[in-house]
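Listed in order, the protein sequences are those of chains D and S. Read in the working numbering, the first sequence has 51 at position 51, and its numbers run on one by one without any break. Read in the working numbering, the second sequence has 247 at position 42, and its numbers run on one by one without any break.
If you are wondering where the hints come from, they were derived from the structure by calculation, not from laboratory data. Note that the structure is a prediction, hence the values are computed from the model and not measured. There could be a bad hint or two in this list.
What the hints assert, rightly or not - Quick list of in silico lysine-lysine cross-link-like pairs, DSS-like style, CA-CA up to 30 angstroms:
(1) S:Lys350 x D:Lys193
(2) D:Lys193 x D:Lys157
(3) D:Lys186 x D:Lys157
(4) D:Lys157 x S:Lys259
(5) S:Lys391 x D:Lys135
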Amino acid sequence: MSRYFLTAYIIGIALSLLGAHYYPLPDHARFRSRIETLPNGGREENFEIRIPSDRLGIPRYAGVAAFPQPAFAAESQDAITAELYRLRDSEGLVIGIASKITATAADSSGRAQSVSDWTLTVPARGALLLHQTNKPGLRAWSTVGTQVLSDGPRDDKRGEALKGTNEFSGLAGSYVESVQIDRVDKNGIAHGKIILSTRLLAESK
Amino acid sequence: MRKLAVIGGLLLGLVSGLAIVVFTPMRSETPIPLETAGDTIYYNFVAIDVQGKKIDAPVLFGLDRFFTRSDGFTEEGIEHASAAVMALRDESGRPAAIATRMSYVRTTDSLLTESLGTEVYWNIFWPNEGSVFLIGYESYWSLIKELLLSRLPEFAKFGFSSASALSVVPEGADSPGVFGSTGSNKNLSGQFIEAGGLDAADAETGQLRLQISQ
Numbered sequence: 001m002s003r004y005f006l007t008a009y010i011i012g013i014a015l016s017l018l019g020a021h022y023y024p025l026p027d028h029a030r031f032r033s034r035i036e037t038l039p040n041g042g043r044e045e046n047f048e049i050r051i052p053s054d055r056l057g058i059p060r061y062a063g064v065a066a067f068p069q070p071a072f073a074a075e076s077q078d079a080i081t082a083e084l085y086r087l088r089d090s091e092g093l094v095i096g097i098a099s100k101i102t103a104t105a106a107d108s109s110g111r112a113q114s115v116s117d118w119t120l121t122v123p124a125r126g127a128l129l130l131h132q133t134n135k136p137g138l139r140a141w142s143t144v145g146t147q148v149l150s151d152g153p154r155d156d157k158r159g160e161a162l163k164g165t166n167e168f169s170g171l172a173g174s175y176v177e178s179v180q181i182d183r184v185d186k187n188g189i190a191h192g193k194i195i196l197s198t199r200l201l202a203e204s205k
Numbered sequence: 206m207r208k209l210a211v212i213g214g215l216l217l218g219l220v221s222g223l224a225i226v227v228f229t230p231m232r233s234e235t236p237i238p239l240e241t242a243g244d245t246i247y248y249n250f251v252a253i254d255v256q257g258k259k260i261d262a263p264v265l266f267g268l269d270r271f272f273t274r275s276d277g278f279t280e281e282g283i284e285h286a287s288a289a290v291m292a293l294r295d296e297s298g299r300p301a302a303i304a305t306r307m308s309y310v311r312t313t314d315s316l317l318t319e320s321l322g323t324e325v326y327w328n329i330f331w332p333n334e335g336s337v338f339l340i341g342y343e344s345y346w347s348l349i350k351e352l353l354l355s356r357l358p359e360f361a362k363f364g365f366s367s368a369s370a371l372s373v374v375p376e377g378a379d380s381p382g383v384f385g386s387t388g389s390n391k392n393l394s395g396q397f398i399e400a401g402g403l404d405a406a407d408a409e410t411g412q413l414r415l416q417i418s419q
């Protein structure tokens with residue numbers, strides 16, 4: 001009798017452990033990566049954001065109001081803009097989410113310049129962290145056409161791909177942000193896309 | 206009688222196995238200590254805007270599809286992801302920085318090794334100073350364990366009650382930490398932990414503790 005009980009007990013424990021090991025935890029849908037291999041062994045991959053449809057929520061602003069009361073304020077010379085987006089591959093499939101923060105920061109010589117940070121997260125693959133200096137004197141998004149927003153900090157005027165995780169781990173390189181406006185509707189809203197064109201190489205150790 | 210012995214043994218074995226899973230010594234993550242030596246900067250954060258699915262027990266166990274949810278992205282690729290804009294306040298309550306926080310359920314999770322949580326990416330911008338990126342991993346196992354043991358009938362209600370240190374270092378994962386990005390923060394590095402639970406109410410709240418150096 002005890003033998004039957006003990007055997008069933010051990011089988012019960014084993015079933016619990018197997019159930020825990022094989023329990024179907026949530027997974028992320030994986031799509032084919034649209035990567036092009038470059039002659040130098042690197043890889044080029046473009047990400048797209050359709051505007052205005054891929055914008056999540058509304059842009060959020062923060063800034064330091066005039067002394068003596070620092071506070072978050074939308075109207076400020078030093079306003080910071082935070083934006084959230086859906087992220088697509090070059091075929092238009094939604095593969096991730098992205099955030100962009102734009103603000104003014106001083107460069108190494110103390111000169112104030114407009115900069116942007118991008119966080120691209122692709123749940124099935126990992127994340128890419130990007131930053132750039134923004135080109136001054138950009139025209140508003142009210143005319144049809146393409147304009148490049150990146151103006152460094154690299155010598156080739158491209159932005160910097162700082163770090164990646166998971167599938168992007170060990171990769172670094174550059175990118176360019178451009179905005180392609182296809183049309184402006186009667187309400188003055190621009191329709192088009194933001195394109196983030198990345199070139200990544202394995203980091204040298 | 207044999208049948209009773211087998212059934213009894215099986216049931217007790219299943220419960221014992223469940224207890225082993227809940228209290229398992231098999232760990233693939235190392236908690237980051239709450240108190241770290243040296244200068245630590247504390248921020249309390251509050252979400253200004255949250256998009257996507259709130260990460261809670263049903264989401265982490267993949268059971269959210271059985272409950273009616275109004276949050277969450279419909280696209281397959283980002284179904285278990287969320288994004289938020291955060292306001293950071295210093296210890297005296299003054300606004301200090303704005304940030305974005307992106308997170309998604311970690312796909313390497315296994316119930317057998319207590320690995321149940323998310324990957325998180327912060328981008329923090331201080332006015333007139335510059336920015337940093339934070340890469341982190343959060344384990345919700347201790348919060349879920351507490352929820353299961355003390356509030357079993359309420360498992361279907363999402364949200365955790367305790368504030369707890371969530372940050373861990375998973376085995377084989379990229380090193381978490383602080384990475385400088387722009388401005389005067391360009392060369393910063395360090396580590397951070399995120400403490401807090403997800404409130405069942407509207408806003409995500411918690412605390413960030415940064416230990417950074419040039």
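Legend entry - Pair hint S:Lys350 and D:Lys193, alpha-carbon separation not exceeding 30 angstroms: Not satisfied, since the Cα-Cα distance of roughly 45 angstroms exceeds 30 angstroms.
Legend entry - Hint consistency between D:Lys186 and D:Lys157 [alpha-carbon to alpha-carbon, up to 30 angstroms]: violated, 35 angstroms
Inset, instruction - Below or equal to 30 angstroms on CA atoms is what counts here, so check D:Lys193 against D:Lys157. - result: Since the Cα atoms of D:Lys193 and D:Lys157 sit roughly 21 angstroms apart, the hinted pair holds (cutoff 30 angstroms).
Inset, instruction - Decide if the proposed pair is consistent with the structure: S:Lys391 and D:Lys135, CA atoms, cutoff 30 angstroms inclusive. - result: Holds: S:Lys391 and D:Lys135 sit about 19 angstroms apart, inside 30 angstroms.
Legend entry - 30 angstroms limit on alpha-carbon distance, applied to hinted pair D:Lys157 and S:Lys259: At roughly 39 angstroms apart (the allowed maximum being 30 angstroms), S:Lys259 and D:Lys157 break the hint.
Hint violations for this structure: numbers 1, 3 and 4, all remaining hints satisfied.
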